[in-house]
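K.L.:
These are the residues of each chain, in order.
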Amino acid sequence: MQAVNIRIIQIVLLVVLLGGWQLGVTSGAIDRFFFPAPYDIVKQVIAWVSDTGFYKHVGITLSETVLGYIIGTGLGVGAGVWLGLSPFVARVLDPFIKAVNAIPRVVLAPIFVLWLGLGLWSKVALAVTLVFFVTFFNAMQGVREVNPVVLSNTRILGARRSDLLRHVYFPAAATWILSSLRTSVGFAVVGAIIGEYLGASAGLGYLIARSEGNFDAVGVFAGIIILAVFVLIIDLILDFAEKRLITWRPNAGEERPA
Amino acid sequence: MSSPVRKLEAVTELKPKPMVAIDDVTMAFGSFVAVQNVNLKVGDGEFLSIVGPTGCGKSTILNAIAGLLKPAEGKVSIDGIAVQGVQNNIGYLFQQDALLPWKTAFQNVELGLMFRGVPEEERRAKVFAWLEKVGLKGFGDRFPHQLSGGQRKRVQMAQALITGPKVILMDEPFSALDIHTRHLMQNELLRLWQEDRRAVVMITHDLEEAIALGDRVVVLAAGPKSRVIESFPVDLERPRNVAEIKLDPKFMTLYRDIWASLRGEVEKSYASR
Numbered sequence: 001m002q003a004v005n006i007r008i009i010q011i012v013l014l015v016v017l018l019g020g021w022q023l024g025v026t027s028g029a030i031d032r033f034f035f036p037a038p039y040d041i042v043k044q045v046i047a048w049v050s051d052t053g054f055y056k057h058v059g060i061t062l063s064e065t066v067l068g069y070i071i072g073t074g075l076g077v078g079a080g081v082w083l084g085l086s087p088f089v090a091r092v093l094d095p096f097i098k099a100v101n102a103i104p105r106v107v108l109a110p111i112f113v114l115w116l117g118l119g120l121w122s123k124v125a126l127a128v129t130l131v132f133f134v135t136f137f138n139a140m141q142g143v144r145e146v147n148p149v150v151l152s153n154t155r156i157l158g159a160r161r162s163d164l165l166r167h168v169y170f171p172a173a174a175t176w177i178l179s180s181l182r183t184s185v186g187f188a189v190v191g192a193i194i195g196e197y198l199g200a201s202a203g204l205g206y207l208i209a210r211s212e213g214n215f216d217a218v219g220v221f222a223g224i225i226i227l228a229v230f231v232l233i234i235d236l237i238l239d240f241a242e243k244r245l246i247t248w249r250p251n252a253g254e255e256r257p258a
Numbered sequence: 001m002s003s004p005v006r007k008l009e010a011v012t013e014l015k016p017k018p019m020v021a022i023d024d025v026t027m028a029f030g031s032f033v034a035v036q037n038v039n040l041k042v043g044d045g046e047f048l049s050i051v052g053p054t055g056c057g058k059s060t061i062l063n064a065i066a067g068l069l070k071p072a073e074g075k076v077s078i079d080g081i082a083v084q085g086v087q088n089n090i091g092y093l094f095q096q097d098a099l100l101p102w103k104t105a106f107q108n109v110e111l112g113l114m115f116r117g118v119p120e121e122e123r124r125a126k127v128f129a130w131l132e133k134v135g136l137k138g139f140g141d142r143f144p145h146q147l148s149g150g151q152r153k154r155v156q157m158a159q160a161l162i163t164g165p166k167v168i169l170m171d172e173p174f175s176a177l178d179i180h181t182r183h184l185m186q187n188e189l190l191r192l193w194q195e196d197r198r199a200v201v202m203i204t205h206d207l208e209e210a211i212a213l214g215d216r217v218v219v220l221a222a223g224p225k226s227r228v229i230e231s232f233p234v235d236l237e238r239p240r241n242v243a244e245i246k247l248d249p250k251f252m253t254l255y256r257d258i259w260a261s262l263r264g265e266v267e268k269s270y271a272s273r
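Top line first, the protein sequences correspond to chains A and B. Quick note: the first sequence uses my numbering, first residue 1, plus one each step. Quick note: the second sequence uses my numbering, first residue 1, plus one each step.
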């Protein structure tokens with residue numbers, strides 16, 4: 001009963017909010033140049049979604065996100081496991097890693113455009129720099145926090161270094177990486193969008209930038225809504241993936257007493 | 001007990017060729033000396049229990065045998081070969097959970113054979129046999145978190161024993177279990193061990209467990225600079241039932257004697273805190 005009530009209140013709240021906004025615009029109390037009517041925004045969204053050319057933009061943003069995520073995670077895991085296993089190298093590189101991580105990634109976008117051009121790869125590079133550090137720190141943490149008893153046991157059972165990597169270190173790091181999946185995919189999206197926004201010829205970020213260039217607030221708002229839906233869908237897919245991938249982790253209430 | 005039992009007399013310290021030999025071993029961490037000048041011999045097929053107050057460095061002795069720690073002085077050898085680096089011909093039963101949480105019971109038991117390059121067919125058959133042996137038939141697909149504490153211990157036993165180690169090391173293996181589960185597991189362990197007797201070194205602070213399971217009980221002094229103070233042969237008949245043997249008058253005499261020796265050390269270890 002409570003769940004239904006909450007749902008009703010949420011819908012009422014949404015209707016009041018959007019209705020008020022719409023009313024404000026039609027009565028002239030809100031300047032439609034800055035805050036276009038929700039109705040116009042919805043019309044724009046529908047117009048885009050029903051246009052096949054629009055999916056080219058979605059596809060490009062999606063491929064930038066996915067490529068950025070995969071490359072960033074791969075590099076992050078490799079570097080994280082390596083530095084996690086060699087404390088000496090980690091100590092040597094520590095100040096450099098901190099310095100690079102301190103750079104606001106957005107300022108790198110112009111450099112990537114300079115190096116890689118206006119196409120796909122400059123956006124992927126930006127996404128990679130964002131994703132890399134999340135996975136890197138998580139993988140390093142995962143490797144460092146492997147239970148020493150488990151490690152000793154596996155070595156006694158006859159594991160060589162490569163076996164330890166495969167059966168102990170990578171799975172340990174993987175659990176941390178999966179737990180940061182949401183954050184890092186979020187960063188990949190941000191990287192792709194910002195890259196597009198700052199200079200591109202296609203993609204959702206480009207759509208927003210183009211609308212802004214035309215002083216088309218309707219387009220900007222419609223772009224934002226589409227982006228939100230885009231991220232929500234990715235989130236749903238991740239939810240599903242997470243449940244499938246970590247089968248060995250106890251769900252709440254499933255843990256058994258000794 | 002229809003299984004073939006290698007009949008062995010309780011092995012004494014004078015047995016000519018020991019399976020594990022600890023010669024004058026000193027374990028130290030920086031300037032802290034945990035154990036000093038320890039001499040121990042464990043015969044093939046002998047079950048040695050080591051008791052001592054908490055914090056006397058018992059575990060460091062096991063880790064020296066396993067090759068996980070290097071003695072500051074002295075030398076350890078298994079079957080006449082000096083221990084250097086982590087040993088693969090031993091089975092180690094840890095006090096804590098040592099199973100890989102991301103592998104099922106089957107995959108965990110399989111590890112030792114897999115690392116040795118045993119072909120998959122043979123591996124499968126052996127793992128299933130061992131899971132059945134430890135009473136976990138049908139539990140192969142469970143992850144450690146889906147098993148109870150006792151079941152996890154059983155998996156660990158199968159994992160440690162499947163490779164047929166020359167020496168079995170146990171570090172307070174059952175101390176985390178409740179008393180009934182503990183008795184069950186101790187009997188289970190004795191049953192498995194009796195089927196195929198190996199040298200065992202078990203560390204415990206539970207004197208009852210030490211006597212009930214062991215062929216010999218060694219008492220360590222309070223740490224630091226712990227050493228062996230006395231060694232008691234346990235002449236109780238096998239097979240034993242751990243829960244019932246405690247009523248045996250011989251058990252009680254032994255308990256009294258060993259406790260007389262151990263009590264002073266326990267008191268010392270508390271006094272120095």
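Simulated from the structure, these hints should not be mistaken for lab results. Please note that a few of the clues may not be correct.
[As the list claims (entries may be wrong)] Quick list of in silico lysine to aspartate or glutamate cross-link-like pairs, EDC-like style, CA-CA up to 20 Å: (1) A:K243 with B:D141; (2) B:K133 with B:E122; (3) B:K103 with A:D31; (4) B:K166 with B:D44; (5) B:K137 with B:E122; (6) B:K103 with A:D163; (7) B:K103 with A:E212; (8) B:K133 with B:E121; (9) B:K250 with B:D206.
K.L.:
Determine for every hint whether it applies to the structure shown.
P.N.:
Verification of the supplied hints:
no., hint, result
1, A:K243 with B:D141, "18 Å, holds"
2, B:K133 with B:E122, "16 Å, holds"
3, B:K103 with A:D31, "61 Å, violated"
4, B:K166 with B:D44, "8 Å, holds"
5, B:K137 with B:E122, "17 Å, holds"
6, B:K103 with A:D163, "14 Å, holds"
7, B:K103 with A:E212, "53 Å, violated"
8, B:K133 with B:E121, "19 Å, holds"
9, B:K250 with B:D206, "18 Å, holds"
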